[in-house]
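Enquirer: Residue numbers (my numbering), protein chains in the order written: chain A, 1 to 236; chain B, 1001 to 1290; chain C, 2001 to 2344; chain D, 3001 to 3404.
Some clues are possibly wrong.
[What the hints assert, rightly or not] Once the Cα atoms are required to be at most 25 Å apart in a straight line, the calculated DMTMM-like pairs of lysine to aspartate or glutamate come out as: (1) D:3140 - C:2151; (2) D:3098 - C:2296; (3) D:3176 - B:1002; (4) D:3256 - B:1002; (5) D:3146 - C:2152; (6) B:1084 - A:222; (7) D:3196 - C:2296; (8) D:3279 - D:3302.
Please keep in mind that the hints were generated in silico from the structure rather than gathered at the bench.
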Amino acid sequence: MALLEVRDLRAWYGHTHVLHGCDFTLEEGSVTAILGANGAGKTTLLRAVSGMIRRSGEIRFDGQRVDRFSCEDIVRLGVAHVPEGRGTFDRLSVEENLRVAATARRSNGDVKGDFERVYGYFPRLQQRKSQQAGTLSGGEQQMLAIGRALMLSPRLMLLDEPSFGLAPQITRDIFHILAEIARNASASMLLVEQNAAVALELADRAYLIETGRIVMSGTSDEFRADETVRRTYLGY
Amino acid sequence: MELFVQQVITGLATGGIYASIALAVVMIYQAIDHFNFSQGEMAMFSTFVAWQLIVWGVPFWIAFFLTVAVSFVAGLFLFRVILKPIHDGPALSQIVVFIGLLCIFNSLAGTLWDFTVKPFPSPFPEGNIGSSLVSGHDLGMIGVTLAMLLAVYVFFRFSTMGLLVRAAAQNPASARLCGVRILWVTALGWGLAAAIGAVAGMLVAHKVFLEPNMMYSIIVYGFAAAVVGGLDSPGGAVVGGFLVGVIDNLCGVFVPAGDELKLTFALVLIVAVLMFRPTGLFGKRVVKRV
Amino acid sequence: MPQSDLARRSPPDPKLFGLRLSRWNRTMLALGLLAIVAAPHLMEDFSVFQLTKAAIYAIAILGLNLLTGFNGQFSLGHGAFYAVGAYTSAILMTSFGMHYALTIPVAALVAFVIGFGFGFPALRLEGLYLALATFALAVAAPQLLKFSALEDFTGGVQGIVVPRPQAPAWTGLSDDAWLYYFTVAWMLALFVLAANLVNARPGRAMKAIRDNPIAASAMGINTPLYKTLTFGVSAAYTGVAGAISAFVVGFVAPDSFTFFLSVALLVGVVVGGIGSVTGAIFGGLFVLYVPNFAEEFAGVFSKGLSWAAYGTILIAIVYLMPSGLAGLVRWLVMRAAQPRQTGD
Amino acid sequence: MKRSSFAFRCPLSLVAGLGMVALASPLAAQEGVTETSIKIGNIVPYSGSASAYGNIGEAGAACFEMINDKGGINGRTVEFVTLDDSYSPPKTVEQTRKLVERERVALLFNILGTPTNSAIHEYVNQRGVPHLFVISGHQKWGQPDKYPWSMGWQPTNAAEAGVYAAYIKSNVDNPKIGVLYQNDDYGKEWYDEFRKGLGDAADDMIVAAEPYESADPSIDSQVVKLASSDANVFLNISLSKFATQSIRKADEIGWKPLHFLNSVSASVGSILEPAGLDKSEGIITAVYLKDPTDPQFADDADRKEWDAWMDKYYPEGDKTNVFNGYAYAACHTLAHVLEQAGDDLSRESIMRSAANIEDLEVPMLLPGVKINTAPDDFYPIESMQLVRFNGQTFERFGEVVSLD
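Work out the full structure, taking the sequences as your base and the hints as a guide.
Expert: The structure is reproduced here in structure tokens:
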């Protein structure tokens, strides 16, 4: 059974209809990428799944219908959304940022272990753990956002453009760590990315979204082989 | 010199008023990320509730804690009922709602309890201490304020709830994505702010006498104190309260024409402080990166 | 970063600005102008006087809206600029014998200079801190007006009685009707000016600064200059309103310009519609008429409850009309103008 | 195109504005007067920072209700229209014009405040509307040659200040006076008149003068400063809670001067009791009204009648509030004026009657205080009596002083 199953998902911003009925699935343990141009509806798709905006359609997480759940409740089921803009709590320290996320995790389990795990992935965060988070660099804030998601001990991570606004070197570092997280099989990932090349490297499967509709699906290899995708999104 | 010392001491005593209110201001700022303009009137209303209980014969301390509890619940419900529908609306609309609440509380209190000044009892010993400029109540008020400060500090610094209140105020969307039930957390912040306001109101009322317009100007000084001290720093707000009290007094005595323009000078000074420390004396400066 | 959120959510609805002047709109325009011209002939003088005051408030509210709604700067102190305008006009008329109409440009200039000057410290302050600074201005204004060293000019605590202008004989109008036309002419001129300003380059720069100051600077907009200029222009508008009020009311005193005036103007901005030029007219009507309505409504139960009624109305308006009265009217007009295109 | 949308939205609002206003009603022969009724207009602050005085309007309404129940005035019932101005002069102008031009009242009565009444002074006199018994102690309400339509009621601040000044000059050796005053039209005029009353010696006698703002939360600082000036006389020109605060603070810091308190604040129940009766001992003031909260009047006939009236007509009112006694007395004064005017209730006749009151005694005035006016004397109450608080009640000493 798929971890996430989405049928006929529609979503709105105010009165603007953005998603026009999307279907896709995500297997447990996989990394699935959603590709598309600016404004195609990628971010909206993630927000619709995690319940941040008004939506309709059928969303099943681990077999359970969640499309009527509030955002907080979906998060508490184990869906960690790393939002666009990183969602830093500017005036909290780095460690406090992580603590906020640790309060709502599924099981009370090993909070201390999770702190260690996050600091293990991102030693820079440990160095700066008592620093005010608003003063971190963009890359560090992205690390912090991923760290917060990990503190929720999620089963599924929704990643919204982790490379946005970052230098290529930092993007590579972050994707390395994401690959490591995925390899450790601690969480499945639904990744939205404009940088299709990097995304396909990490992902097993991908969907292509255009003006609010899913127009193509396949494995990463199939995507890389596709002429149009290559020209439009990979640029070679 | 004697005059200077005198004015500093009375300034500190008056500053205790501002400090206690500033603490409530900081509390609400941590919970909703801006001012609640009706906060002073809410505190005044709470104090009238306590006064009514005492008039009905309830012993002081029972009335005191009953009022704090009632205010907490009332603050919580005020958020759930009145503010929840617009909690993510534009700040200016919320300000208009606060102004509306201010009008309602003021007018209700005036209708229910009239405008004649009412004495409010003090739990502290009567009479003066030491220099005869500071009364037992002044010292007691400062003591309670410092105790509240400690409690607020511990709440925000060490408790998980305090952390969540701050997170929910700073970035509600992100807090929800961390699984925080922000509407309840914010309501809790409102409740706590209302409770602190009630304590402050009951302390202040003995000193300035209780009447529906009691808080008009005190809340101005309370806001100023919180801003000068730093809105995210409870300790700063209390220090700010004492500073504003002393500065206000000294402006009245030592600045030419200060007796007439005391408030003006004090405010100019506060704005000047903000020019050099835009987030207050003890506030953390946030360097935003894009 | 809540500060810059202040005004951002107001729906600017740019499409409407591109709307063609249909026959229906032309009819409304003609009817509206007719109503403006005809009003004093249909009403008793007192009602004309009330409308005049509403128009004065509308000018002041538009001034504040330019600053808050279009530039994202927050002011709780515009009552002070209103007072500056009123006192300038009153002093020029009584101490220097100047004609009332000539005092208005002077008042605008004085308010502009003070507002522009205040814009500099405002540059360093954001959101709540700016709110406190402007608030200080509002609180300090009555004290300064009372200040005994300035008593020879300001009349101190007693204020100044200003002679009410009389209608020129050739018009055949009552004094109230004359002042009404005079005020409405100013109002229309200032509104057309503001509407052009906000839709042209300066307005786009103002809005860009409101929405994202850093990006605006990156685009080459001189942010400090625009922000201080906006402060000045905003103050000038409010100053003009104050100047007219001085001789329409016939009296100025420190008690006329308390903090509550600043609050009333802010309420007018929000109720009319943040970032809406025409909203200021609704704001002006609201500020004048609704307290009276609240008073009559509350009077049924207890006179003392008038503020409770007013507060309830304020909260209800925020709930029912989140984008202000202008937003509501805009919505109604859209519905009426395009009956077949509604529905998504 | 841009302008078009502006222009077409703008008229809409004006149409809406027009809808809000009613049309004019036909003129009556005697404004506000019919065979069976007379309409009276009143303005007080029911809202805003001065709302503490709002009860004067409600008490006035309650008093005329009682008069109506007793058969009205010369068979006419009084229609009492009371409006709110929030103590804002522009609003007073608007409400006054509403009363005069739309409600078409016969006269204006008991409008509160110096700045508020100043704003309508010209208007009522140009228009010829009786502007009676202004609630303000300023002298400007008694200028019949210049403003024949405006009249005060209570003793002027100048008169009261003069009483204290005279007393100090003749009874205190080497007076060193500290003055606390509210920094507004009331306090400043009062202080100036007091200086005039002292004459040339003023500068030598006054050793400290401290203003406070009505926006000050506490006036401890001012009281401490006055005390440290070694003044032996404390002239306390403060209102409501500031009076209460200053009485207590002076006692707390052990300052025991000869304490003069302005009569507006001389209420046992609403000022002295909250401050502490023991702390108020020795306070001297000049009064013209019976303080209903003063125990010496507990069995007084006026006071009992007043009590019954409060219970029946104004039960929500606060009996410790002195202004309920003030409103009661003022209302009876107006009732006398209208009764004396008889059936000719034109505005001129009302004003003539108001300017011809002879030795009138109304309930709640102190025994011996009589109301007198004449065409050239627009100061109705001009006598007061000095009283000293003995910890229980105000003891009268000396004669009723006539002040003119």
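Enquirer: A separate judgement is required for each hint: does it hold in the structure or not?
Expert: Quick rundown of the hints versus the structure:
1. D:3140 - C:2151: With Cα atoms ~18 Å apart, residue 3140 of chain D and residue 2151 of chain C stay inside 25 Å; holds.
2. D:3098 - C:2296: holds, 13 Å
3. D:3176 - B:1002: Judged against 25 Å, a Cα distance of about 20 Å means the pair holds.
4. D:3256 - B:1002: Given that 25 Å is the threshold and the Cα spacing comes to 20 Å, the pair holds.
5. D:3146 - C:2152: holds, 23 Å
6. B:1084 - A:222: Violated, at roughly 49 Å.
7. D:3196 - C:2296: Roughly 45 Å between the alpha carbons, so the hint for residue 3196 of chain D and residue 2296 of chain C is violated.
8. D:3279 - D:3302: Between residue 3279 of chain D and residue 3302 of chain D the Cα gap is close to 29 Å, so the pair fails against 25 Å, i.e. violated.
Of the numbered hints listed earlier, those contradicted by the structure are 6, 7, 8.
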